[in-house]
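Protein chains: 2
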Amino acid sequence: MISNKMQELVNNNSVIREMFEEGQKLSNLYGKENVFDFSLGNPSVPTPEKIKETIIHILNTESSFTIHGYMNNSGFEDVRQKIANSINKKFNTNYNFQNIIMTVGAASGLNIVLKSILNPNEEVIVFSPFFIEYKNYVKNYDGKLTIISPNTKTFEPNLEEFEKKINNNTKAVIINTPNNPTGIVYSEETIIKISNILKEKEKEFNSTIFLISDEPYRELVYDNIVVPYVTKYYDNTFVVYSYSKSLSLPGERIGYVVIPSEMNDFENIQCAVTISNRVLGCVNAPSLMQKVIGECADLTVDISQYKKNRDLLYNSLISYNFECIKPQGAFYLFLKSPIADDKEFCKIAKKYNILMVPGSSFACPGYVRISYCVEYDMIKRSLSSFQKLAYETLKK
Amino acid sequence: MISNKMQELVNNNSVIREMFEEGQKLSNLYGKENVFDFSLGNPSVPTPEKIKETIIHILNTESSFTIHGYMNNSGFEDVRQKIANSINKKFNTNYNFQNIIMTVGAASGLNIVLKSILNPNEEVIVFSPFFIEYKNYVKNYDGKLTIISPNTKTFEPNLEEFEKKINNNTKAVIINTPNNPTGIVYSEETIIKISNILKEKEKEFNSTIFLISDEPYRELVYDNIVVPYVTKYYDNTFVVYSYSKSLSLPGERIGYVVIPSEMNDFENIQCAVTISNRVLGCVNAPSLMQKVIGECADLTVDISQYKKNRDLLYNSLISYNFECIKPQGAFYLFLKSPIADDKEFCKIAKKYNILMVPGSSFACPGYVRISYCVEYDMIKRSLSSFQKLAYETLKK
Chain A
-15 MISNKMQELV
-5 NNNSVIREMF
5 EEGQKLSNLY
15 GKENVFDFSL
25 GNPSVPTPEK
35 IKETIIHILN
45 TESSFTIHGY
55 MNNSGFEDVR
65 QKIANSINKK
75 FNTNYNFQNI
85 IMTVGAASGL
95 NIVLKSILNP
105 NEEVIVFSPF
115 FIEYKNYVKN
125 YDGKLTIISP
135 NTKTFEPNLE
145 EFEKKINNNT
155 KAVIINTPNN
165 PTGIVYSEET
175 IIKISNILKE
185 KEKEFNSTIF
195 LISDEPYREL
205 VYDNIVVPYV
215 TKYYDNTFVV
225 YSYSKSLSLP
235 GERIGYVVIP
245 SEMNDFENIQ
255 CAVTISNRVL
265 GCVNAPSLMQ
275 KVIGECADLT
285 VDISQYKKNR
295 DLLYNSLISY
305 NFECIKPQGA
315 FYLFLKSPIA
325 DDKEFCKIAK
335 KYNILMVPGS
345 SFACPGYVRI
355 SYCVEYDMIK
365 RSLSSFQKLA
375 YETLKK
Chain B
-15 MISNKMQELV
-5 NNNSVIREMF
5 EEGQKLSNLY
15 GKENVFDFSL
25 GNPSVPTPEK
35 IKETIIHILN
45 TESSFTIHGY
55 MNNSGFEDVR
65 QKIANSINKK
75 FNTNYNFQNI
85 IMTVGAASGL
95 NIVLKSILNP
105 NEEVIVFSPF
115 FIEYKNYVKN
125 YDGKLTIISP
135 NTKTFEPNLE
145 EFEKKINNNT
155 KAVIINTPNN
165 PTGIVYSEET
175 IIKISNILKE
185 KEKEFNSTIF
195 LISDEPYREL
205 VYDNIVVPYV
215 TKYYDNTFVV
225 YSYSKSLSLP
235 GERIGYVVIP
245 SEMNDFENIQ
255 CAVTISNRVL
265 GCVNAPSLMQ
275 KVIGECADLT
285 VDISQYKKNR
295 DLLYNSLISY
305 NFECIKPQGA
315 FYLFLKSPIA
325 DDKEFCKIAK
335 KYNILMVPGS
345 SFACPGYVRI
355 SYCVEYDMIK
365 RSLSSFQKLA
375 YETLKK
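Those sequence lines, one after another, are chains A and B.
Residue 306 in the numbering used here is what sits at position 322 of the first sequence, and the numbering runs on without skipping anything.
Residue 86 in the numbering used here is what sits at position 102 of the second sequence, and the numbering runs on without skipping anything.
Just so you know, the hints here were simulated from the structure itself, not pulled from any lab data.
Hints should not be assumed to be uniformly reliable.
All copies of an identical chain are treated as equivalent in the list; a pair is satisfied when it fits inside any one copy or across any two copies.
Pairs of lysine to any residue residues, derived as SDA-like cross-links and limited to a Cα-Cα distance of at most 25 angstroms, are as follows [as the list claims (entries may be wrong)]: (1) 123 / -15; (2) 379 / 37; (3) 9 / 251; (4) 73 / 203; (5) 331 / 48.
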């Protein structure tokens, strides 16, 4: 009955469902406080109180037609201008409302960008490990995913392989920094190298290769790490942003896409992305939330709580002799599995009521993702279990 | 730079943009109060005050994690159950939360249903006149649109042609009642006939043919007209609903899809629609608005204002000798163009500062759509202009 494309996804879905059900089952068996679920990427720091105050203020001061009505498919012009101003102030860019398109979160932003640019069989490059949904987004438009193998020393992208795999069929490259699942932030040097490679390849193939920078974790960085603003290095860049993490609003589906005026064929592309927003069915980003963002463009959650979680978990795991690159941002930690089979390692961890996601789910076997967007106390309670897990799996 | 599919849409888009700009231009020239814009489908009746109260109540009583957090891609279970209860009460059905999937409005609901069922080149049947975006939605999944020509006597569907055009490649049929652009409500007799034809054809071709009932105007009906609940007549029906019109929340993008348990392959399809919601990038319907709907599932705007508009406009136009079927629902009136070329008629109307949409935009030339979701006073002010338009175009 259902389409062939979807049947494949439905078949794979049972694995994800099983993982969720597993957590539920363990909670029922051992009590919620004795299960250590590090599998989800759901923000654990509350939404700032200012969001609530702003919603109420808007409801009390504007007409229902303005708050809940249709607007241009790109979003409210004043909100887009306020976001442009906020970006300009932070990153010394020069955007106005025409460079910003409001979207139903970053997932939808990625979809409308890919729909706008991809012809069937054109290639999109991603760097392993990567958020596995990219595969589905590319497949939605019959594109072909090209995966660059990981550099497991630093988890910076493997640029030699990248350079070799670009061809005249390459339409786009997706980067995600701060990264899910590694927590790594690409250095300025890396961004410059990627830009230079792309510029050379554009010349070589006389083509446009788009860089899509997926940045839902931009504000979640620690130790004064700087996240370079990619459009400053490469004109043909889409920045895809979401407030899901920076304001703990994942359920509200609010984000935006930045399209620099310097992008090749800017007007045509801006129009295509706006139309994609409409015809894919989003029509526009939720209107009340757009207005809220307009008033809170510079606000972020209290990220010190994530840093505190990272420090406790990272330092403890290292002290138990686990191997792991220190995360610089996002709320994930990418642990080397002490045994070759990461799925098997996750299975053993479950004996200690620890739930993690195998690296295979990010096209990077041999590792596991631990989400530390959880209560600090849960991390504390979990440590003796991690120690036992280390003892069982780390053969000397 | 952009995909071939999108380039086509971008090229067509200029027509729509010109229409919007035309209204702006006329307003600047003659003053806003002297321009009669009947071209848009934007609700003109305010959102009920209860919506605002409910938002504030939720913000004051629930935690930010619940209000703004992720949930199952199908939506909050309690909200889905409340919607199921509301439908059961009104239409004597027997749904529970598993039959309801919360969506980013009806446009997204239609997209995730079509993505779930359509293989390339499979056919979707629509009845002219129809909301032209259906064409784009079907094209998103490489389906083929089959258009049934209009029955301009009643604007009920042309069932003889319908029956002939169904073949073993037919995957779905979209109906929209109350209808945009005619305002017609399909009678129970019509729904029974459509169901019977589909059941016979399913047997003949040993296939499943889905009926997709797009119902954003369900509550906007006048004179005690009854809108049959389609799942009661045909099991393989998706009902696609939106609160854009019934609660004047078009910018918020909130709606749902009903999937009856009696549908062939129900579990597989329910799973596919949920996954489509995720991979197309919506992920889930906006969370705060879901919660609001849960508390306001039985609420509707004051539709008496639309009825008052309809009565004044319809009676006046008929008295000027225009021809038009009396609308039973929605907020549109489909006027017969007194001259064969509906685009030319719209051009003449513009001389009188009247803006309407040509029927060609609904695959039904020779007619024009007049949206009466406008201020009552604007209709009053426009009447002498309509009278002049009648005088110029209605040759005796």
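Give me the numbers of the hints this structure contradicts, sorted from smallest to largest.
2 and 5
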